[in-house]
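*Asks:* Last residue of the sequence shown: 434 (my numbering), numbering continuous.
Treat the hints with care, since some could be wrong.
To be verified - Derived DSS-like pairs: lysine-lysine, alpha-carbon spacing no greater than 30 Å straight-line: (1) Lys330 with Lys274; (2) Lys145 with Lys330; (3) Lys145 with Lys254.
Stated by the list, open to error - Computed beta-carbon distance windows for the label pairs: (4) Ala223 with Arg355: 18 to 26 Å; (5) Arg208 with Gln344: 36 to 44 Å; (6) Gly238 with Thr142: 25 to 33 Å; (7) Pro434 with Thr302: 23 to 31 Å; (8) Lys263 with Cys203: 40 to 48 Å; (9) Thr302 with Asn395: 42 to 50 Å; (10) Glu416 with Val255: 14 to 22 Å; (11) Pro412 with Thr142: 21 to 29 Å.
Derived by calculation from the structure, the hints in this document are not laboratory data.
In this text, all values refer to a predicted model and were calculated from it rather than measured experimentally.
Beta carbons are placed, not taken as given, at the ideal position from N, Cα and C, and that holds for glycine.
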Amino acid sequence: PSLLLACLPFVLTALPFAAASSIPTVTLGKDVNGKDVELPLVGAGTWQYNDTIAYESVCKAFSLGYNFVDTAWGYGNEKGVGRAIHDCWKKDRSALFVMTKIPGGLNATEVAEYHAQNMEWLGLEYVDHLMTHFPADWKVTTSRANPKARQEEWLALEKIYKSGQARSIGVSHYVPRHIDDVLEVATVRPSVNQVEYHIGSGDVDGVIQKCRDEKIYFMSFSPLCGPCQYTPEDSLVHGRLVSQIAAAHNVSGAQVSLRFIVQQALTTPYIAGVIPKSNNADHLKSNLDLFSFSLTPGEMEILTEASKPAGEPGDADVP
116 PSLLLACLPF VLTALPFAAA SSIPTVTLGK DVNGKDVELP LVGAGTWQYN
166 DTIAYESVCK AFSLGYNFVD TAWGYGNEKG VGRAIHDCWK KDRSALFVMT
216 KIPGGLNATE VAEYHAQNME WLGLEYVDHL MTHFPADWKV TTSRANPKAR
266 QEEWLALEKI YKSGQARSIG VSHYVPRHID DVLEVATVRP SVNQVEYHIG
316 SGDVDGVIQK CRDEKIYFMS FSPLCGPCQY TPEDSLVHGR LVSQIAAAHN
366 VSGAQVSLRF IVQQALTTPY IAGVIPKSNN ADHLKSNLDL FSFSLTPGEM
416 EILTEASKPA GEPGDADVP
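Whenever a hint applies, use it, and build me the whole structure from the sequences.
*Replies:* Below you can see the structure in the form of structure tokens.
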């Protein structure tokens, strides 16, 4: 049986769509001031959105009860996200979780410069989580794709954490040996590793157990397999498998796909939640409604054993 199924059934009594206070969280650790950093299990994703669409979708998400937004320097939409926070977030800043990223492969000076741009575009004094987006630059340039480069970037992230401009820090697309590179020099351990994970992907590069062993939260990106290539039958929104299970719970296929990951986060150590994206208010609402139903152990096993849509290996190719 899958490692992810080594968990007990549970009962959760949260409101269906509800207020941010009812969205379960995991504790990433403590910030530089000794305060717990609580990561909500559902957030609003913004990948591939421009500033205009990011603004619209994040404002809609806030109005529906979301309290977590994910963005990145490389998404090119932090100005739009920042405007949405300024215009549409009506609660205290401390009640909002903002996650962003800087590119991989940066030297220490560049890390400071890129994060200064994050802060300027978002209009914030701090973010709740800052991660390096990739274990190298996207072109995997030799000088920016090696253990020493990862270590320099990580130590620069630690300086941002210690300054209070990021309440927690982490990585993305890291396979076990990339994690080891960072841990060799870290004085602040990464709290999150954001990796492709969804029904059908399996554990593409053997990262889940490594994260658990090192007490790093394994977090899914693309939980609905947005960029994947697949036949309509294997869709994680309208496909046959998720639709059959959804009918038993009177929910949508997308809700089943998202609940599959969230249920693991609720029952399994060091699994975090999901950041689906949508600019459709109805979809945003249903994407948040993941706590009014539970998948049975049998359903979880079937979904865990699915092999389509497949994940995309490649992170392990980075030297």
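*Asks:* Run every hint past the structure and note whether it holds.
*Replies:* Cross-check of the supplied hints:
1. Lys330 with Lys274: This hinted pair holds, its Cα atoms lying about 21 Å apart.
2. Lys145 with Lys330: Distance of about 14 Å is within 30 Å: holds.
3. Lys145 with Lys254: Judged against 30 Å, a Cα distance of about 34 Å means the pair is violated.
4. Ala223 with Arg355: 18 to 26 Å: This hint is violated: roughly 50 Å between Cβ atoms.
5. Arg208 with Gln344: 36 to 44 Å: holds (40 Å)
6. Gly238 with Thr142: 25 to 33 Å: Holds, at about 27 Å.
7. Pro434 with Thr302: 23 to 31 Å: Since Pro434 and Thr302 have Cβ atoms about 25 Å apart, the given range 23 to 31 Å holds.
8. Lys263 with Cys203: 40 to 48 Å: Holds, since Lys263 and Cys203 (Cβ atoms, about 42 Å apart) stay within the stated range.
9. Thr302 with Asn395: 42 to 50 Å: holds (44 Å)
10. Glu416 with Val255: 14 to 22 Å: Cβ of Glu416 to Cβ of Val255: about 37 Å, so the range 14 to 22 Å is violated.
11. Pro412 with Thr142: 21 to 29 Å: Hint holds: Cβ distance 26 Å, inside 21 to 29 Å.
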